[in-house]
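With the hints as constraints, model all of the structure from the sequences given.
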Amino acid sequence: MVKNLISISLFLLFFGTLAAQQSAAFTNELVTYNKALELYNNNQYLASQGLFSAIKDHTEDETLKGECAYYIANCAVRLNQQDADFLMEQFVNDYPTSINRNDAFINVANYYFENGKYSYARKWYDKVDESSLSRGDRDKFYFNNGYAYFVNKRYAEAQKYFNRVSDSQKYGSQAKYYLGFIAYEGDDYEEANKQFETIENEEKYAEGLSYYKADMNFKLGKFQEAINLGLQQYDNSNPQEKSELSKIIGESYFNLEKYEEAIPYLKEYNGKKGKWNNTDYYQLGYAYYKQGNYENAIGEFNKIVDGRNAVAQNAYYHLAESYLKLNKKQQALNAFKNASEMDFSAQIQEDAWFNYAKLSYEIGNSYTSVPQVILSFLETYPKNPNNEALKDLLIDSYITSKNYQAALELLENNKTFNNKKAYQKVAFYRGLEVYNEGNYPEAVALFQKSLKEPLDPVFTARATFWKAESDYQASNFETSLVGYKQFLQLPNASQTPEYKNSSYNLGYNYFKLKNYPEAITQYEKFLESSSNDAARRNDAYLRLGDSHFVSSSYWPAMENYNKAIEGGTPDKDYAAFQKAISYGFVDRTEKKLEELKSFSAKYPKSFYRDDALYELGNTYVAQENTRDAMVTYEKLINEIPGSSYVPKALLKQALILDNTGKSNEALAKFKKVANDFPSTPEALQAVASAKIIYIDQGRVNDYATWVNTLDFVEVENAELDDASYQAAEQPYLENKPSQAITRFEAYLKDFPNGSHALKAHFYLAQLYFAENKGDKAIPHYEFVVGKERSEFSEQALARISELYLGKKDYNKALTYLKRLETEADFPQNVIFAQTNSMKASYELKKYSEAVTYAEKVLQNGKIDNAIKSDAQIIIARSAIETGEEQKAKTAYAEVAKIATGKLAAEALYYDAYFKNKEGKYEASNASVQKLAKDFSGYKYFGAKGLVLMAKNFYALKDAYQATYILESVTTNFTDYPDVVEEAKAELAVIKAAESKTNSSVETDGN
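Under mature numbering (1 follows the signal peptide of the UniProt record, and there is no 0), residues -19 to -1, 1 to 987 are what the sequence shown spells out, in order.
Keep in mind that the hints are not guaranteed to be accurate.
Claimed, not checked - Listed next, the in silico EDC-like pairs over lysine to aspartate or glutamate satisfying Cα-Cα at most 20 Å (straight line):
id, residue 1, residue 2
1, K572, E605
2, K730, E763
3, K672, D703
No lab work stands behind these hints: they were computed from the structure.
So, in structure tokens, the structure goes:
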């Protein structure tokens, strides 16, 4: 080594000096120095460093000190000591004239370089004076410098140094290799090729060069040459190189449209860091697509998540076409929608949008109403050659989408597309929706809109009928009568589904107008028709019987009541009671008694049981059979104590006792009526009858004393009380509400405990209720229901319950609803109490009580489908809240059989929900598609259905569909934050999973 020669020279110099001085101490230092040098040359750096340090600390010779400092620093470098750089810097600074200075720099730099510490080496190479280096050392200096820059990807500096040794015999080939690589990395493939060609015959570079040359040819568009070069190296390459070559070969075949040859190589690619990106999935998917292998094409395309470029748009379009080939229309709709929302290719965007519009018409659309999709396309692409066909679809889409409200708004607000025929139908169907929601005034307005465009005679007839029906439901019977008659006079009426029941409806209208002869005619006409609607036929027999009954035609009435009973009407107890009463009017009293006596046994739970007992008692009285009358009245009082007939029965008993000379017993009964049922008409009559007995017995003072205990009787002001009440009642009866309110308020102010206070409070409450002044009505209803049972109690309970329900004060509403359920005489009020009790309990999160009431409702055979749906929905929703999903599933299945509108949409959503839970993902998606097709107007359940569909698709390994649907939900359904939050949470989970294999997927953490 050069270094060793320098050391020997120094040694000789020191020896001469030592010989001259003949110093024993210096001789000892020399011996130690030589030993330290020997250890250094034998790589014993730690021991060597120790000896050099000892010499440096004790010698007085500056030259020797400098030499020791040099070796101490070199040892520190080789021992990787923390202060190595500092020691070397200190040496350079302390001995600036040392002949070892430049050698120190190059030696340390080379040491770091040989140990792979290129950044450290770069630091020391910068200090070297290259002009003092020998030719060989200079080439090494240039190459090492270049390589150190190359490793740190500072290619410009590296290139400068490599160029200096490109002709070197020792370093030239290596330098050209790296110069070629630098050109390759800079996409200067011609320069790269030039450098590589000079060394391609050298065996050690041949293997690496094959990959680069294949890749360069690929990037230069020389695909066949890239394939040839790649295949030459393919079998001999390591796994990583084979993966990269697979990509080059596969993509080259792809670009040459040799898709069959491309597929196996594209599949062998392992991706960057084990991950593919969206372009990788696209190429393999497209290759499968071009081969007609649509299943596999979908399998690759649908891994393209978060695509936001031209490749993604193209992929989504071909993904949609692949889905269509396999008749997967919902998936195709989503993919076409996605492609239509990107503008990288205008042609793809337009074609995708057209297909999206067509599919929306075919299968429905949960995102946007179908008419809106089609109209948007027509407005955006007015010159598209398919527009005429789309316009035909638009007309039908208003009907098939069932999103009548949105369709109506579009037709009314879009002047550029005026289709009166479609408007007629849409207005009609929207009217039906509103009618079924119970909004009859709005329904009338919509049917009138439909009638203004009488283009289709069948829809004109139907709109006429339903307008009449809406007027009827709103109690506008005169108006509805005109409408029904107009319907029947229309030539196309017989072609409508409403025609077969029109006589039935008209019969009811006449019945409400008390035109019983005409009602009878219409009911008979309906019953003579071929209608097989058993429920309507039985009801028609009942109403026909009632019409004959009020017309005093009792034998025909009984005949029809019998037919209703024979037909299995759920109102057979009512028919039986009416038939029994009718026997009395045809002088068949014994038959009447027989029917009334057996009524309780036949119908023990009937609402008419107390009516039958009271009428039986009255019949005994009429036959002067007071003994049986008293027994019957007593039975009513004891067995049905909550009946409104109890005060009447007590009064009847008292009158019988009084008429049979049992005045004191009669007096006790009269006093019981007055005390237990104050302010009722029976109480007032009882007081009047008791007064006569007291007078007859000469006990006027006792009467006065007793009467003073009654709040509702003021003897001194009785006449003024009556006159004041009559003054208020008169305008009430004459339908002058404002005047009646003023006078009733005045009466109650003057006679707060008057004999007519109960009636005054009730009528005043009714007047305020009619004027929608619920807050003013409530105190008066509370007065009525706070008293003992009266003829007004039941209606007051119903009204006050309704008012508190309207205020959403469910606790107070429940208080009165529970009373109404037990005290009502009319079946409809019991149903009202039970149905609203179940709803109020549900709102109060009393789910168990809600279900109990719902089950009561369902036990009633007289309720219609709308109430059944409400009850089943309450059971289902409560079960969902309490985690009883099997019970919920059963209930929703029952709802689905009978519900319409929003409840049907909810039931269908849960059908999809339970199928998802059971792992029936495709069946669940089918239900969501039906939801989109048939109930697109109910956006909340449409949105929830889409989230469910996304979960189904992800379970079916379709990440694209899942993520696209969830992203669409987050942007299209911001009105439903709960659904959006659920979609975001599900999307985050899916993206986190997909990002593990797809580098194009962005997650919140990236």
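Next item on the list: Provide an ascending list of the numbers of those earlier hints which the structure does not satisfy.
Entry: none
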